[in-house]
Amino acid sequence: MTGPALELEALHKNFGRVPIIRGVDLAIAAGERHAVIGPNGAGKSTLFHLISGRLVPSSGRIRLNGADITGHAPYEINRRGLARSFQVTNIFPRLSVFENVRCAAMWSMGYRTSLWRAVEGLADLTARTEHVLEQINLIDRRDLPAGVLTYAEQRALEIGITIVGGGDVILLDEPTAGMSRSETEHAVALIRKVTEGRTLVMVEHDMGVVFDLADRISVLVYGQIIASDTPERVRANPAVQEAYLGTAVATPA
Amino acid sequence: MSAAVQSGVRRTARGRGWARTGLWLAVAAVFLLLPHLFASGTGLTTMSLMAIMIIFALSYNMLLGQTGMLSFGHAVYYGLGGFLVVHAMNAIIGAHLPVPLVLLPLVGGAAGLFFGIIFGSVSTRRGGTAFAMISLGLGELVGASALILRDFFGGEDGITTNRTKLLHVAGLNFGPQLQVYYLIAGWCLLCMMAMYALTRTPFGRICNAVRDNPERAAFIGYNTQSVRFIAFCLAGLFAGIAGGLTAINFEIMNAANVGAAPSGIVLLMTYIGGVGNFAGPVIGAILITFLQVMLSDATEIWQLYLGLLFIVMVSFAPGGIAGLIAMHAPVWRARLLHRLAPAYALALLLGLVTFAGAALALEMAYRLSAGSEGGTAFRFLHVPVEAASAAPWSLAVLLAVPGFIGFRRVLPIVGNVWATTLAEARQGRGR
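Protein chains in written order, with this note's numbering: chain A, 5 to 257; chain B, 19 to 449.
Treat the hints as calculated values from the structure; they're not laboratory data. Given the structure is predicted, the values throughout are model-derived calculations rather than measurements. Positions of the beta carbon are idealized from the N, C-alpha and C atoms, including for glycine. Be a bit skeptical, because a hint or two may be false.
Calculated Cβ distances over 12 Å to all of chain B for the following chain A residues [stated by the list, open to error]:
| id | residue |
| --- | --- |
| 1 | P8 |
| 2 | H16 |
| 3 | A34 |
| 4 | R65 |
| 5 | R202 |
| 6 | V225 |
| 7 | A231 |
| 8 | A240 |
Pulled from the structure, derived: some chain A residues nowhere near chain B, Cβ distances all over 10 Å [stated by the list, open to error]:
| id | residue |
| --- | --- |
| 9 | A14 |
| 10 | F19 |
| 11 | V22 |
| 12 | G27 |
| 13 | G35 |
| 14 | N69 |
| 15 | R145 |
| 16 | S186 |
| 17 | E187 |
Label pairs and their calculated CB-CB ranges [to be verified]:
| id | chain 1 | residue 1 | chain 2 | residue 2 | range |
| --- | --- | --- | --- | --- | --- |
| 18 | B | G294 | A | G125 | 16 to 26 Å |
| 19 | B | R427 | A | Y155 | 31 to 41 Å |
| 20 | B | T438 | A | S186 | 33 to 43 Å |
| 21 | A | P43 | B | A279 | 53 to 63 Å |
| 22 | B | A148 | A | E124 | 27 to 37 Å |
| 23 | B | M151 | A | A240 | 55 to 65 Å |
Throw the hints in and build the complete structure from the sequences for me.
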């Protein structure tokens, strides 16, 4: 593919008369690891909701692999190859860990809402599910209801659900939020591993994670992108330092 | 995963497959043998009704338990299925068509599916409360239409038919209730297996996902609206089969069959049996049908007791009877069930004493009220009672009040015994 994997054009979103996203233009190349940072209330999560179809933009266009997905329903966008995780863990609490991941793999593997086949008999589906469970290190917890997992395990499951469908554009909304130091390190390694060869867009507050993972960084302030560049240049950008309280960016942990 | 582990997994999967086959064979054997144990007319009628209600309750649980859709109008598909079968039977009889009775439930299924598609396309657009309200509205709509459209629904008298006038195959005329029982039991087994198989398909699994978290289901590629719609249509199909069997069983359908009462009963059955387990609605259908038959013989206010049972279950055992049984599985596996027995027996005894007192008071209140025409003298547990005298009222209070106080005292003890036994059972497994 030659064009960008994800392209935002003059994107606006108002809640009532309050503008939250005020004209975002952004192109993210295929295979890029892209981080969106910005102070609280800058509109990062809203931006993700717009891209993934949870919210409909007030104006502007969103293109995924060149196709216009503006205003499409979440399931349509997901079927076109975009998968996302949530800032607040969003899993199927009463289903087993295994079932959580398997359900997330079914549509993309063509089983959809089949009424004729028993899921246990679908060897490729089971294999894909087990592969992802091993990647996210939850293979030993496979039969537990997802609701009883620890917080860090649920975050890992959240990533597993997001990546198992084979989407080529992955949106992760604060994947390491609330994690301890060692859990974060583990999560970063996991994200690096599972997004290999895919396009990754993530919102993240932990600057260590951002500078560790991202090829490019966009800085969102009051609904506008004030800089979008490599980590080094973003760090050196005076406008970013001024808008983004400077210190955190200037001295990454 | 290593090859050895994988083949192990496959072996356990095959083992589960055999266990399932064995289980279905056992169910089939039970269906076959039951008429020999309960050969009386009442026995056969009750069992026929139970088998029909098993299908109806399981179809309801495809919505409530599996997809998280609370319907207040499921009898629409059951009743319309039944009416279509009655009309089809009469048409077949009138035109002397060579159609055997055994196939008629298919007409009910087709009708249930058809109306499921029509009404489902409206009601399943939204989940949650909106769906529940629309289902209630549709139920009222069809229930009211049934009283107005007298040609189709036959008004309060209903529409009758004669199941013996259809094509006789292998000498079966379906006059005797035993033959009808076997017809119903066969369909029940078939429907149970089909509905169980559906829970194991990709569709069945995504229903559970939509129930748990519809929003997330949309972000893994599923249109929750169409998942709900398919579930609704299939539930309509099986409800229609149950309705068709009802038509064959009673040879009459009337407006009450599509009304609010059967919609409420199926909810009660499913919930009391347990929505979280495939066996739950089966247990609920058997128990509630049994209570309906037995209680309605014993007392005129039996629906009140059914309502009380429902309230008790919702308050104390939201997982239903199947949930209670599943809860005890680890204790049973650890062979510690006997530890619970004394506490349970004490609680049960006190509960029964309380209930006896309360039931006596309720029955007397009913005799004294204007609604009762049998006078104030009646028999309570075969003992003659005069409701207009003081003695039985004192007895009712003496049973109910201390019984209730004792029951409340015993409950925390039961809780303690349960907690320690469960902890021990889990520890035993960990070793």
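Broken hints, by number | When the structure is compared with the hints, none of them turns out to be violated.
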